[in-house]
Amino acid sequence: MPLNSKRKNKFIIIVTLAFLVILAIPTFFWMKNTNKIMAERRKSMMSPVIMIPGSSATTNRFNELVTLLNKDTHRNHSLLKIEVQTDGSIKYSGKIDRNDNEPFIVVGFENNRDGYSNIKKQARWFDIAFNALTEQYKFNNFKAFGHSNGGLIWTYWLEHYYDQYEDEISIKKLMTLGTPYNFDETNSKNRTLMLNEFIKNKKKIPSSLIVYSIYGGESYDSDGLVPESSAEAGKYIFQNQVKHYTAMTVTGADAQHSSLPQNKEVVQVIEQYLLNTQKERENQQPANNIKRFELNSKKKKK
Amino acid sequence: MENIVLRATLWFRKKIFFRITDQTLKMVMPLAIIGSFFQFLWRSVFSDDSLISNICYFDNWMPDSVYNAAWYACQGLSNVIFNTMGLFVVYFAAHFTAKTYHKDAQMAGLTGMLSLLLCTYRFKQPDSSNLQMNFNWRSLGVQSLIFALVVGYIVGLIFRFLGADFRHVSHEDSKRIEKRAFAAFKPLVLSLTLGLIVGALATIVQFEVVASNIYQFFQNEGQNNLNIWEYVPLLILALVLNWMGMTQPILQLTSNSSSATTVANLNYALRHGSSWNVPNKFLGNSIYQSYGRFGGSGLTLALLIAILLIYKYQNTVRVARWSFIPTLFSSNQGALVGIPIILNPLYLVPYVFLPVLNILIAASAIALGWVPTSAYPILTGTPGPLVAFIGTNGNWNALILSLLLFVMDILLYLPVVKIAAKVEDEITRINEREGREVAFE
Chain F
0 MPLNSKRKNK
10 FIIIVTLAFL
20 VILAIPTFFW
30 MKNTNKIMAE
40 RRKSMMSPVI
50 MIPGSSATTN
60 RFNELVTLLN
70 KDTHRNHSLL
80 KIEVQTDGSI
90 KYSGKIDRND
100 NEPFIVVGFE
110 NNRDGYSNIK
120 KQARWFDIAF
130 NALTEQYKFN
140 NFKAFGHSNG
150 GLIWTYWLEH
160 YYDQYEDEIS
170 IKKLMTLGTP
180 YNFDETNSKN
190 RTLMLNEFIK
200 NKKKIPSSLI
210 VYSIYGGESY
220 DSDGLVPESS
230 AEAGKYIFQN
240 QVKHYTAMTV
250 TGADAQHSSL
260 PQNKEVVQVI
270 EQYLLNTQKE
280 RENQQPANNI
290 KRFELNSKKK
300 KK
Chain U
0 MENIVLRATL
10 WFRKKIFFRI
20 TDQTLKMVMP
30 LAIIGSFFQF
40 LWRSVFSDDS
50 LISNICYFDN
60 WMPDSVYNAA
70 WYACQGLSNV
80 IFNTMGLFVV
90 YFAAHFTAKT
100 YHKDAQMAGL
110 TGMLSLLLCT
120 YRFKQPDSSN
130 LQMNFNWRSL
140 GVQSLIFALV
150 VGYIVGLIFR
160 FLGADFRHVS
170 HEDSKRIEKR
180 AFAAFKPLVL
190 SLTLGLIVGA
200 LATIVQFEVV
210 ASNIYQFFQN
220 EGQNNLNIWE
230 YVPLLILALV
240 LNWMGMTQPI
250 LQLTSNSSSA
260 TTVANLNYAL
270 RHGSSWNVPN
280 KFLGNSIYQS
290 YGRFGGSGLT
300 LALLIAILLI
310 YKYQNTVRVA
320 RWSFIPTLFS
330 SNQGALVGIP
340 IILNPLYLVP
350 YVFLPVLNIL
360 IAASAIALGW
370 VPTSAYPILT
380 GTPGPLVAFI
390 GTNGNWNALI
400 LSLLLFVMDI
410 LLYLPVVKIA
420 AKVEDEITRI
430 NEREGREVAF
440 E
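So the sequences go chain by chain: F and U.
Each residue of the first sequence is one higher than the one before, counting from 0 in numbering that gives the first Met the number 0.
Each residue of the second sequence is one higher than the one before, counting from 0 in numbering that gives the first Met the number 0.
The reader is advised that the hints may include incorrect statements.
[As the list claims (entries may be wrong)] Some residues of chain U that are not near chain F, with every Cβ distance over 12 Å (derived):
id, residue
1, F87
2, L265
3, L403
[Claimed, not checked] Covered stretches of chain U (chain F as the covering partner; in silico rule of three or more C-beta atoms under 8 Å from a C-beta of chain F):
id, stretch
4, 98-107
5, 295-308
Just so you know, these hints were derived from the structure itself, not from any lab.
Each residue gets a CB set at the ideal place from its N, CA and C atoms; glycine is no exception.
Next comes chain U alone, as it looks inside the complex:
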């Protein structure tokens, strides 16, 4: 069994696209770690509906100016980093692809950025007056990394077939630079043309409208679907997309905003003093919030603990350490990008199915009358294992259940992390054999 998983993972990891993805994500890791740290400060500390600001009564003693300044600073930093992340990802994806084939990697990266911008440009809303350009920012941000990776990869391939062979040297004279620049023309023109076509098509078919309709569907299902068996397949789909680097579906499906169903539950609970017999017992979203996301999607906190406990590659352990605190408060982007978990074939199965397993166990516990439904509202940044406890107004069974599930998740992640170490061993060995330099490990 272990061997099959090991071999399958290796087969994927040898594919150039997955290799490029791995290198690219490791390269933008520092951005993601810093971004998620400030996202944690913004959402979980300096936010009106955050746990920390409420239990520390910031409002009573912290001057408004300090509080607001911190809010703006953290919000700005994390938004700028995450909403432009696609640009850096496309740069490095094109860069590493071109480098693999010994082409001009820097020009490829630059071309990748331009192509991505063209793909996401809003052709119909030009603003000639003050040089403002409109882009579909959703496709430029961390929400759609897969898109940036694919564009970068394709641009890299274009350089592979149309670009001139190239070796990076430490000193370049102007003749060499000129040659380099001229050699970039052909792949540049083709990449930009393709970017233009994709962008124009996206405008014509109103890609943004279609996308927002799909997101709306996810949100609606998350808020109103009372049938756990219909919710689970959607959750699986959203988690797979999230693993691929598309964040929006899972965010919409599990959004924390109040809906008619949750309001009915809450008011029932308020009337009866407990949430045992609320009208909507099996609301997928509330079960997911309580038991399916310890440290953000895919139970990232459990994975990080597994890594800290047994993983031997120091760099990954360091990433796990640095992204630990934000992940504890559910800002897990740093870990998703830095480990990396996104598009890492080994983590697909646990990332998607462990949360589902948790939900099904929790739903059974609710059905058997062991724990009540979570109906009381929770504050942003409540640490994962405490959410069920808070959501049930302090039901001890709910706390025990979530701690048991949490330990189970860590134990189930341990063998996966063991295989991950073996995969790394194997890759190091292959790279040494092929005499290829190991990039950044």
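Excised from the complex, chain F in its bound form:
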């Protein structure tokens, strides 16, 4: 063997060893940091309720609902409001109290228009906000609430974005209120493109999720805006996919679409089903289902 080749080989081996040592340094700090975050997340007792308002509504949409809930439960849930701008930047208002384990977080959008193409965009914007939330508050589970189109954004997000978080953060419950799963179609046989795509991708919705779909009955077949059959069409997405799917109709005073979030019965239902019960609060324990760490880069490939 020629001498210079042997020298070259030794050079390669030495360079590799040096490279390994250099690589080990940032890896070491990366490892300590992620494992620390992972431990914090596992330990975290926070279980926020994340709310998305419907189209044309701002982040102030649920102010009254939160006031009612706080008054009723005698617990002071704090309220954080986030508005995602069209360029993807985030505006915060309100804050989460240090010792509040069940804060309300409302995520709204600068562009809050109706229509399937906007819902897809809003789901993307929501993901930006959610990502920021997961980094700032190391919760390992949360509950979701969506009014009207907010429920559609949740569904789209669950089917297209949730998988990148599910190893660290689990969604426990989803409650949609007057959500038009089939837009304003009155006949459930005429499925819109959106409903068809929701059904097509339903397998991506976690099977451990508990879903409540609530709609108003102002008349016998509508809440004044969303046809009952459209709100009911959620069953084609969630039934036989999630752990429990429960549909409820609220009638009487304030059963009109836009009044639903202030409806006394709805407030009761949220308290009873969506928020953690007294027992859950007492027995709350750190999660034991953290599967892996958070990546610096969220999965982009679909």
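Once you have looked at the hints, place chain U on chain F.
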């Protein structure tokens, strides 16, 4: 001892099948090297869960479009090369077999490709509308090279017995070509018939379902078997199959996905701040990941270093150099095919038993309380000797143990590489004596 090994290896290497295999793998070496390089870029650099992209914070400064384009390009190139590799292997296997017996090698190669396609065709899912054909791609790719080699060899043998004698010349007139074409009929028909029968039988017995059940079994054992003594025999079996050119069992047995047992370990470690007393201490898979695969299966990185240190045949050394970086990040296909390690009788024993030795030593160290179990997750493409360190959240004993094992592996590979050089010497001598041309060495 050395003499026995030398003679046994030579005995195998003189067998026509092993000779054909050696020639074929050396021929497709460039494909494997390029493929593994792009596989390394794809999995270990431009991947969301790769070490490089995470410690370099690609997400913060690299434009998404550049990152995604690189991901798609590298992924596409390595997948196309590796998932079609069986076709090239069957071509050259049939080619070299026919050539050995002085038959029409090119027609044999072509016939081999067609036969392999027939063997793997999904007869039950024809798609008449848009000319798409369905194949069992698992059997066409690098995952089952043994299959392609055997098919190529058999087709070559068919040409040996049914084909006309043939000598390659530089200039062919049309008469000669016609003669060649007609002479190919008989072996072609027989090969295709056999391919058809194999393919039809595979469809009838639902070969794909059976295979995926077997793979499922391996995966399940790898994730849930808490008894290291049951894991080791399976690992040996999977490594032998891998050495034969069947990648799937070892991939399944040692898959990195999280299971109930690893999740329990991780959450215990997170709760207690260390992985010393996790509930599943002797999870074969996690010990293998940490101590049994420096540079991919069979501790390929240790072998490459041994080759670089003492081997004298320049071409092999060059292959070792070119496949070094991908292997460092565990993309070792280039080395497996290029050296070649696959179906190379000399490497069977160290390839299978050195990892097992490593695992047993590491398990003893865990049992004696010298090192903790690896429970923390690791990123794809973490260089082999660092895996245990990362998996234990930076335990120095684990790092020292893996470095010691790594040095031991290199030292144990050195005598094997020495014998490999002697085998080459001997083969060169035999070839010269028989006046036969040495193909590509």
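Hints versus structure:
1. With a cut of 12 Å on Cβ distances, U:F87 stays outside the contact zone with chain F, its closest approach being about 29 Å.
2. Against chain F, the non-interface label of U:L265 is violated: not every CB pair exceeds 12 Å, the least being about 6 Å.
3. Distance check on U:L403: its Cβ is at least 15 Å (rounded) from any Cβ of chain F, clearing the 12 Å threshold; non-interface status holds.
4. Counting residues of the stretch 98-107 of chain U whose C-beta sits closer than 8 Å to any C-beta of chain F gives 0, which falls short of three, so the coverage hint is violated.
5. For the stretch 295-308 of chain U, the proposed coverage by chain F is satisfied: 3 residues have a C-beta within less than 8 Å of a C-beta in that chain, meeting the threshold of three.
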